[in-house]
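4 protein chains.
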Amino acid sequence: MLNKIALEEAWNIPDAGALGGFQPGSLAPKGVIGGDLGANLLDVHGTRLQQMDENGVEFMVLSLVSAGPQGIADKEGAEKLATVGNDALSQEVMKNPSRFAGLASLSMHDPEQAAKELRRCWNELQGFVGVMLNDFQSSGPDGNTMLYYDDPVYDVFWKTAEELNAPVYIHPRSATTEITEKMWKGREHLAFSALGYANRVNMHLLGIITAGVLDRFPKLKLVVGHMGEHIPYDLYRIDHKLNRARFPNMKMRKDRLVRDYFGTQVFITTSGHFSTSALLCAIAEIGVDACMFSIDYPFESIPNGSAWFDEHVENTLNTRDLVKIGRGNALKAFDRLVAGPHGLKELTPSDCQVGGLRMKEGEVEFGLYNKDWSRRLTKS
Amino acid sequence: MLNKIALEEAWNIPDAGALGGFQPGSLAPKGVIGGDLGANLLDVHGTRLQQMDENGVEFMVLSLVSAGPQGIADKEGAEKLATVGNDALSQEVMKNPSRFAGLASLSMHDPEQAAKELRRCWNELQGFVGVMLNDFQSSGPDGNTMLYYDDPVYDVFWKTAEELNAPVYIHPRSATTEITEKMWKGREHLAFSALGYANRVNMHLLGIITAGVLDRFPKLKLVVGHMGEHIPYDLYRIDHKLNRARFPNMKMRKDRLVRDYFGTQVFITTSGHFSTSALLCAIAEIGVDACMFSIDYPFESIPNGSAWFDEHVENTLNTRDLVKIGRGNALKAFDRLVAGPHGLKELTPSDCQVGGLRMKEGEVEFGLYNKDWSRRLTKS
Amino acid sequence: MLNKIALEEAWNIPDAGALGGFQPGSLAPKGVIGGDLGANLLDVHGTRLQQMDENGVEFMVLSLVSAGPQGIADKEGAEKLATVGNDALSQEVMKNPSRFAGLASLSMHDPEQAAKELRRCWNELQGFVGVMLNDFQSSGPDGNTMLYYDDPVYDVFWKTAEELNAPVYIHPRSATTEITEKMWKGREHLAFSALGYANRVNMHLLGIITAGVLDRFPKLKLVVGHMGEHIPYDLYRIDHKLNRARFPNMKMRKDRLVRDYFGTQVFITTSGHFSTSALLCAIAEIGVDACMFSIDYPFESIPNGSAWFDEHVENTLNTRDLVKIGRGNALKAFDRLVAGPHGLKELTPSDCQVGGLRMKEGEVEFGLYNKDWSRRLTKS
Amino acid sequence: MLNKIALEEAWNIPDAGALGGFQPGSLAPKGVIGGDLGANLLDVHGTRLQQMDENGVEFMVLSLVSAGPQGIADKEGAEKLATVGNDALSQEVMKNPSRFAGLASLSMHDPEQAAKELRRCWNELQGFVGVMLNDFQSSGPDGNTMLYYDDPVYDVFWKTAEELNAPVYIHPRSATTEITEKMWKGREHLAFSALGYANRVNMHLLGIITAGVLDRFPKLKLVVGHMGEHIPYDLYRIDHKLNRARFPNMKMRKDRLVRDYFGTQVFITTSGHFSTSALLCAIAEIGVDACMFSIDYPFESIPNGSAWFDEHVENTLNTRDLVKIGRGNALKAFDRLVAGPHGLKELTPSDCQVGGLRMKEGEVEFGLYNKDWSRRLTKS
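Residue numbers (my numbering), protein chains in the order written: chain C, 1 to 380; chain R, 1001 to 1380; chain V, 2001 to 2380; chain W, 3001 to 3380.
There could be a bad hint or two in this list.
Below are the DSSO-like pairs computed for lysine-lysine, each with C-alpha atoms no more than 30 angstroms apart in a straight line [to be verified]:
| # | chain 1 | residue 1 | chain 2 | residue 2 |
| --- | --- | --- | --- | --- |
| 1 | C | 254 | R | 1080 |
| 2 | V | 2332 | W | 3219 |
| 3 | R | 1182 | V | 2182 |
| 4 | V | 2075 | V | 2116 |
| 5 | C | 332 | R | 1219 |
| 6 | W | 3185 | V | 2345 |
| 7 | V | 2332 | W | 3345 |
| 8 | V | 2345 | W | 3182 |
| 9 | V | 2345 | R | 1182 |
| 10 | R | 1254 | C | 345 |
| 11 | R | 1254 | V | 2185 |
| 12 | V | 2332 | R | 1185 |
| 13 | R | 1345 | R | 1254 |
| 14 | C | 75 | C | 185 |
| 15 | V | 2095 | V | 2332 |
| 16 | R | 1185 | V | 2345 |
| 17 | V | 2159 | R | 1080 |
| 18 | R | 1075 | R | 1116 |
| 19 | R | 1219 | V | 2185 |
| 20 | R | 1345 | R | 1251 |
| 21 | V | 2185 | R | 1251 |
| 22 | C | 251 | W | 3345 |
| 23 | V | 2159 | R | 1185 |
| 24 | R | 1254 | C | 219 |
| 25 | C | 75 | C | 116 |
| 26 | C | 254 | W | 3185 |
| 27 | R | 1116 | R | 1080 |
Here are the computed distance ranges between Cβ atoms for each label pair [unchecked claim]:
| # | chain 1 | residue 1 | chain 2 | residue 2 | range |
| --- | --- | --- | --- | --- | --- |
| 28 | V | 2181 | R | 1014 | 35 to 43 angstroms |
| 29 | V | 2156 | R | 1080 | 41 to 49 angstroms |
| 30 | C | 112 | W | 3185 | 19 to 27 angstroms |
| 31 | C | 95 | R | 1159 | 19 to 27 angstroms |
| 32 | V | 2159 | W | 3255 | 48 to 56 angstroms |
| 33 | V | 2353 | C | 181 | 36 to 44 angstroms |
| 34 | R | 1186 | V | 2335 | 26 to 34 angstroms |
Hints were generated in silico from the structure; no laboratory data involved. Given the structure is predicted, the values throughout are model-derived calculations rather than measurements. Think of the CB as a built atom: it goes at the ideal place given N, C-alpha and C, for glycine as much as any other residue.
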């Protein structure tokens, strides 16, 4: 499918390390993904754009790589990284606004300040279409205090995001050293993206929902990646076990289920979880309107995520729903993408070259010896 | 789900037999469905409406029971049944237009006359929202000639249906005596609704599509019941085998697949095929937007079809897509339902009482001992 | 997946035309599939075997191309083609019995003779593991009489097939000229494999089942291709509409549904219908144990069918069920494959190189930059 | 479906509180589930058995309610609760061994002692068919130390479980007070069965698998409930992110994926997660052979779980796979169920009264007015 939009795509500033931001070396041993990762994060208009062109990705929404300001326990340090990052991201995406937009980074130490920085990005800078929050805000002298945004003190921030119609992407991050020591020691291979990321960020997301944030701000939109951080598969059990008599203090509307928020206020993306079975399950549980394509570059490869979507999903799902997931739903959730300077338009399956018989197949036959299916993949 | 709309619901006129129309006795032995079936077909505002109320069916679109005019080989006889039937149906539905509308019956012996009668229903009568055609038109002295509407001579009819924005429901009917004798003898139990109906009407539908009718009339909409008459499951093979080089005379657009018409010009309903697995397959192959709820009363029971949709589908599918299938898509395909005198409105899942926690469950808990799930069904 | 077994794979004898058998030219215009098709049908140990090697197909069960003897209205002619074909097929597969076996062709004019010829193949020839019947037997002076095997006169044949434990593959064929003239004229593109094949052979299969053949011969096994010839998707409706009070003469056991026979006595293959959504629907409706891989070579390409199964199904379905469908179920249904001279063994996913991390990926990583997924397919 | 087997069913001893075991009051406020829960846990042969009879549950495998010995930080206390519990459970199930069996409770403070107690249950007591471990073992002076069984010191225990062919059920439990304080404060409604249980126990299960325990003990079997504690939906991402170059010290076989262990060494049950969509996803990802029915009584109601399986799953899934999940797979995984004193047998769909037309429907019709489907459910 051409004209795909990808929403959870990481980027970094050159001096991230000095500012307390992400350094590739901290994640992975050199020689595996280290060298490339650092370069790939910094690059926007080179290899990244070229791979987008080669793989039918029309547009990427970029965000400062996790944990960003959330990883900085010092208030001023976190705010500085956010500000510097936002200025740089605006500049970067405005070099080519028909292909790129950004999500604002925010320090969440002070909700008022977060709201203010979001307003600055929205009104004084260009190219922002939403917000990226990387799970809890590290805080406290040893960095082990975790600030969660289901606390009513954050309502001032949520109110601003709703007012500006800025969707908030809730992204995972690493655990504190204390939690790591207690729970993940000896199983570090699980603590990151294989399991721990989702296990922690899904608690945060459900905390926000069950605290009634979406009820108090009914136009607010939340987005989570990685096929919903385990939640769609478990929605029956989650709602079933949130017994209102047992938990009378739970603030979510008494006449609502968690399930009810998906598709109108909560959305998921496919970032980094390229499983057709999981996507089909998500579609059944939360509906096509709640699902959006994303890659998670450069932690995932652009060709990999695109090949999955274009070859596997495209041959399993009908074209109308494919185009909703690959593009249309993003334009509805992130409505600033439609206006200038990005100017993205709604497209039909035919526009995106899915369904139908393409020109190059035109005068020949479809089917009996379908050419590209017959060209056997060889595994290396 | 409350507020369901059902689209393929049969009705009959008292003097159908005298006019060459459907007589229950011709279908089934007395004592099985005979007695009830005749009465149920004639009834609109009694048992039918009561069962609609009891089962959350807000609205029924009625049509003269198959084969209707299509079963009458004599041109004048067929036209008379259509006219009489349409007059009667208009009167019947206008007694309660907030609950009922009708599909026009048409003799298809003469395409010009069919178009004219459709205009009469649309402009001079009230309560019509579309057309019902029961497969081929019987013709010829012995009634064994079959007229199919993929013949270019029918373009005048299709043009009118498109101009009026009248969706055309293609419904199955019995085979001619000749075909029955050749193919179904000794296996009459299969010749009707178990298999033969779909085996014949799917050829007719694909004939119309591959003849390019939908290309020449790009706003024309077709509807088929019974979960698509086998087609959604087989779309890959159908398109795969319609090799353009092998069949150069096939008139359908060269850059289109049969698959491409679903959801914009071709729609299916669930009438008489209450299988969750089949519905899930249809959703994957043709998309939620192409699927609409229907029952096929009184050949199916209203409680049976409704219980399937409300208990089984409602507990398998997300509420947004459920409401599209149960109601919303019908309002888009049959847009006269929205205007007066019917005045149907788009509703949310909450309006239709799906999702969420209903009032009666309100202050108590959801889940642990969920009341209605726990009340065990006992099979009689 | 390596070690796949394919069951519905066509082959022809050089002098087919002279004997009234299939001639490629009758099917398709020269230059499209004509030239290749004839050669591909004759070839066993050349291109066919090479493509099997290249695509992980360990074994093919061959059968004389449709309509075979079923297409010959003359009794002696049909019997001669069957006999000559069986002799030739035995010779062919026994040149390489670790890679090939055959299905016996039978004239069905005379059930006793059919049973006798089957016994000859089973006991006097080598390499046969089942039977291939191509829908109805043409008969009568003008060839328009259709003999169906649900007639009790065929019990002598079914009894023999059961006794020998020879599964019977029911394959589609072209309609008679009379039916073609009545139903398919002007829509010949639909009359063949796109729709008509399935529409006719599914009636025949259901005729046999509902006539009680499987009840009288409870060890008899039937196989149909093309993902079940539309039946799995429609099983609810088929059983629902086979009302026992309405059809008291239907001979199938009163306590059985058609659905009940799948997985023990009725099996389907994937031949020529490479749709993942359809396969998932079939798995839900009839179970993994009832589904088997096949290609339909040379009407389908070996790389095409294999790429679908190895790339798409393999990445959607768990490996245990994949291996059942790709191989294991065939060994259970066609148990002669296990004995000499074929000697096929049950294999694990690991044996078939699905699941796990293969050697070549071994010391490197899996995932982050998964190599073969990342190598983008380019459509030509 | 009759003859269902349920595997994750809780039970308690009267003096649990005095021994440091589970007390209902600690879980839920009085008046909601409190009163009943305590009584339901103690009861085996009264209401429980009656509800089993009423709901087609032939057999229950009982286990001491979580956290059992795992919740006791004191070594001697934990061992005492295990011993007392096992003695009592053996007595209880041997009163009616054709309906009940037990899972052994074990203190996991000392792996040698755990192995010894398992041997005692297996060889000296009667009625045990496996082991129940409730996540990590509480330890340390303040109870906040968590012992996980992926530590090589536990190999002596795993070796014994493998030798005895005793499947080990890994069940969730509450978090330590320290983790609760850090992560779940203010969102206690999520900390238990709605989310936290799965979020913690899935780490433990994957810890055991990726530590190579299943490689060192290739006949060892693990079972997890609640539809797999989020894992089946996320298997692609889990395996994708367990990059072997990044995590060279991960001990699991280099040629294996986590996915590969399901169906042979790892199994899931449906306990407390009665979602058809989730079950269908699990079937696709890990296969029917890896899925088993369970309820989670008395935290779930027997009628609720049974109605889901018998009405919803039974009408979505084919009967052969239904019976595997409802019964057959349990007999393979827990093979002591087949031998005396329990003597359970493999049964066909017909034996379990699924599929087919039951006696009471016998002489009348199936379908058109299907009686039990037509009797509308009314929600209270």
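Each hint tested on the structure:
Simply put, residue 254 (chain C) and residue 1080 (chain R) have alpha-carbon atoms about 58 angstroms apart, too far for the 30 angstroms limit, and the pair is violated. Simply put, residue 2332 (chain V) and residue 3219 (chain W) have alpha-carbon atoms about 25 angstroms apart, close enough for the 30 angstroms limit, and the pair holds. In summary, the hint linking residue 1182 (chain R) to residue 2182 (chain V) is supported, as the alpha carbons are separated by about 11 angstroms, within the 30 angstroms threshold. Restraint check for residue 2075 (chain V) and residue 2116 (chain V): the C-alpha separation of about 15 angstroms stays at or below 30 angstroms, so the hint holds.
A C-alpha spacing of about 25 angstroms is found between residue 332 (chain C) and residue 1219 (chain R), which places the hinted pair at or below 30 angstroms, so the restraint holds. Among the hinted pairs, residue 3185 (chain W) with residue 2345 (chain V) is inconsistent with the structure: their alpha-carbon atoms are about 57 angstroms apart, more than 30 angstroms. Only pairs whose Cα atoms come within 30 angstroms are accepted, and residue 2332 (chain V) paired with residue 3345 (chain W) is accepted, the gap being roughly 22 angstroms. Taking the CA atoms of residue 2345 (chain V) and residue 3182 (chain W), the gap is about 56 angstroms. The hint is violated against a cut of 30 angstroms.
Straight-line distance between C-alpha atoms of residue 2345 (chain V) and residue 1182 (chain R) comes to about 45 angstroms, which puts the hinted pair past the 30 angstroms bound. For the hint linking residue 1254 (chain R) to residue 345 (chain C), the alpha-carbon distance of about 26 angstroms falls within 30 angstroms, and the restraint holds. Restraint check: the Cα-Cα separation between residue 1254 (chain R) and residue 2185 (chain V) comes to about 21 angstroms, which is no more than 30 angstroms; the hinted pair holds. Proximity of residue 2332 (chain V) to residue 1185 (chain R) is assessed by CA-CA distance (about 35 angstroms); at most 30 angstroms being required, the pair is judged violated.
Pair hint residue 1345 (chain R) plus residue 1254 (chain R) does not hold up; C-alpha atoms about 39 angstroms apart against a cutoff of 30 angstroms. Restraint check for residue 75 (chain C) and residue 185 (chain C): the C-alpha separation of about 28 angstroms stays at or below 30 angstroms, so the hint holds. With a C-alpha separation of about 24 angstroms, the suggested pair residue 2095 (chain V) and residue 2332 (chain V) falls inside the 30 angstroms cut-off, and the hint holds. Simply put, residue 1185 (chain R) and residue 2345 (chain V) have alpha-carbon atoms about 44 angstroms apart, too far for the 30 angstroms limit, and the pair is violated.
Note on residue 2159 (chain V) and residue 1080 (chain R): the hinted pairing is violated, with a Cα-Cα distance of about 55 angstroms set against a maximum of 30 angstroms. About 15 angstroms separates the Cα atoms of residue 1075 (chain R) and residue 1116 (chain R), which keeps this hinted pair within 30 angstroms; it holds. Distance restraint check for residue 1219 (chain R) and residue 2185 (chain V): the Cα-Cα separation of roughly 27 angstroms lies within the 30 angstroms cut-off, and the hinted pair is therefore satisfied. Simply put, residue 1345 (chain R) and residue 1251 (chain R) have alpha-carbon atoms about 39 angstroms apart, too far for the 30 angstroms limit, and the pair is violated.
Distance check on the hinted pair: residue 2185 (chain V) and residue 1251 (chain R) sit about 15 angstroms apart at the alpha-carbon level, within 30 angstroms; holds. Taken as a hint, the residue 251 (chain C) and residue 3345 (chain W) pair is broken in the structure, with Cα atoms around 50 angstroms apart against an allowance of 30 angstroms. Between the alpha carbons of residue 2159 (chain V) and residue 1185 (chain R) the distance comes to roughly 24 angstroms, so the proposed pair stays at or under 30 angstroms and holds. At roughly 44 angstroms between alpha-carbon atoms, residue 1254 (chain R) and residue 219 (chain C) are farther apart than 30 angstroms, so this suggested pair is violated.
Restraint check: the Cα-Cα separation between residue 75 (chain C) and residue 116 (chain C) comes to about 15 angstroms, which is no more than 30 angstroms; the hinted pair holds. Note on residue 254 (chain C) and residue 3185 (chain W): the hinted pairing holds, with a Cα-Cα distance of about 21 angstroms set against a maximum of 30 angstroms. For the hint linking residue 1116 (chain R) to residue 1080 (chain R), the alpha-carbon distance of about 13 angstroms falls within 30 angstroms, and the restraint holds. For residue 2181 (chain V) and residue 1014 (chain R), the Cβ-Cβ distance of about 40 angstroms falls inside the hinted range of 35 to 43 angstroms, so the restraint holds.
At about 54 angstroms, the beta-carbon gap between residue 2156 (chain V) and residue 1080 (chain R) misses the expected band of 41 to 49 angstroms. The hinted range of 19 to 27 angstroms is satisfied by residue 112 (chain C) and residue 3185 (chain W), whose Cβ atoms lie roughly 23 angstroms apart. Residue 95 (chain C) and residue 1159 (chain R) have their C-beta atoms about 52 angstroms apart, which leaves the hinted 19 to 27 angstroms range violated. Taking 48 to 56 angstroms as the suggested C-beta distance range, the pair residue 2159 (chain V) and residue 3255 (chain W) conforms, at roughly 50 angstroms.
Range check, residue 2353 (chain V) to residue 181 (chain C): about 41 angstroms between beta-carbon atoms, so the 36 to 44 angstroms window is met. Separated by about 33 angstroms at the C-beta atoms, residue 1186 (chain R) and residue 2335 (chain V) satisfy the suggested range of 26 to 34 angstroms.
When the structure is compared with the earlier hints, violations turn up for hints 1, 6, 8, 9, 12, 13, 16, 17, 20, 22, 24, 29, 31 and for no others.
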